[in-house]
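Enquirer: Sequence:
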Amino acid sequence: MKLKFVHILAFAGLLLISSCDGCNNQGPGCAPIWAVQYSNPALIAEVDTVNTTMSLQVATMVPNLDDMQGEVYQAYFVGDFDVVVPFSNFVAGPYQTNDGNPYAEMIMYNSEVPDTILDTTFVRAGISRDFIYAMTGLQSNQKPRLISPSPNGTFRIRKLGSNMLARVTSGADTVIQTLTMPFTPVRFAFRLGSFNDSAVSTTTAIKIDAFPVSGTTGCTLLSDEFKCNSIYIP
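Throughout the sequence shown, residue numbering follows our numbering, covering 29 to 262 in sequence.
No lab work stands behind these hints, which were simulated from the structure alone.
Be aware that a few hints might be false.
As the list claims (entries may be wrong) - Here are the simulated distance ranges between beta carbons:
no. : residue 1 : residue 2 : range
1   : 126       : 250       : 23 to 33 Å
2   : 141       : 225       : 14 to 24 Å
3   : 70        : 158       : 20 to 30 Å
4   : 60        : 172       : 37 to 47 Å
5   : 107       : 60        : 14 to 24 Å
6   : 202       : 122       : 18 to 28 Å
The beta-carbon is built from N, C-alpha and C at its ideal position, and this holds for glycine as well.
Given these sequences and hints, build the entire structure.
Expert: Structure follows, in C-alpha cells:
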C-alpha cells in the first residue's frame with residue numbers, strides 16, 4: 029500500500045506530516061527516522077512502501093517564500109560514514125519567463141549556525157534544471173546538464189573525520205568536490221529549493237530510491253529502505 033502523509037500539523041515553521049495505519053504515526057513496526065521542515069506549504073513529502081521510495085514535490089514556488097522550500101532530515105547524528113544515494117525522476121519544468129533555477133539536493137549542515145553568506149558549514153550534492161553541482165563549504169564544482177539530461181543518478185556525501193566529499197553523477201556527467209573542513213553537522217537532509225530565492229512556477233520533484241549508510245565508524249545516521257513510513261513527529 030502506498031502511504032501518503034494525511035495528518036498535517038504546522039507550527040513554528042515545521043511541517044509535521046505522517047500516515048498512520050497502526051497505533052503509532054509510522055504504522056506497525058516502523059522505526060522513526062525522518063522529520064520535515066518547510067517554508068512552502070505546497071510541499072508534499074511521502075514514502076511509497078510499494079515502490080520503496082521517498083519523494084519530495086513542490087507544485088509551485090510562487091510566491092516564493094525562501095531559497096529552501098522544504099526538506100526531510102535526520103538530526104543530531106555522530107560519527108563517520110559514506111552515503112551513496114540513488115535518485116530518479118528529478119522533475120524541473122521547462123523554463124518560464126522570469127523563473128529561477130529549481131534544485132533538489134542531499135545536504136549535510138549545521139542548522140544551529142545562522143543561514144548567512146558567512147555560513148560555510150555544509151556539504152551539498154545536488155541537481156538543478158540547468159546543472160549538477162557538488163559543494164563543500166564555499167568551494168563548489170558544477171557541470172551544465174545536456175539538452176536531453178538524465179533525471180536519474182546518485183548523490184554521495186562522505187565524512188571521514190574532517191575530510192568531506194560531495195559527488196553527483198547524472199547520466200554520463202559527474203562532479204566532485206572535497207575539502208578538509210572540521211565541523212559538527214547537525215542535519216542530514218534532502219531538500220527542494222530555488223537558487224537565489226527566485227520564484228519557480230513549474231513543478232519540482234525527486235524520488236529517493238534508497239538511503240544506504242556504509243563505512244560507518246561510531247555513526248548514528250540511520251539507513252532507510254523505505255519499506256514503511258519512516259517519517260516521525262518530533
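Enquirer: If a hint holds in the structure, say so; if it does not, say that too.
Expert: Quick rundown of the hints versus the structure:
In this structure the hint that residue 126 and residue 250 lie 23 to 33 Å apart at CB is violated, the actual value being about 41 Å. Taking the beta carbon of each, residue 141 and residue 225 are about 19 Å apart, inside 14 to 24 Å as hinted. Evaluation of the 20 to 30 Å hint for residue 70 and residue 158 yields a pass: the beta carbon distance comes to about 22 Å. At about 39 Å, the CB distance of residue 60 to residue 172 agrees with the hint of 37 to 47 Å.
Range check, residue 107 to residue 60: about 19 Å between beta-carbon atoms, so the 14 to 24 Å window is met. For residue 202 paired with residue 122, a C-beta distance near 25 Å keeps the hint of 18 to 28 Å intact.
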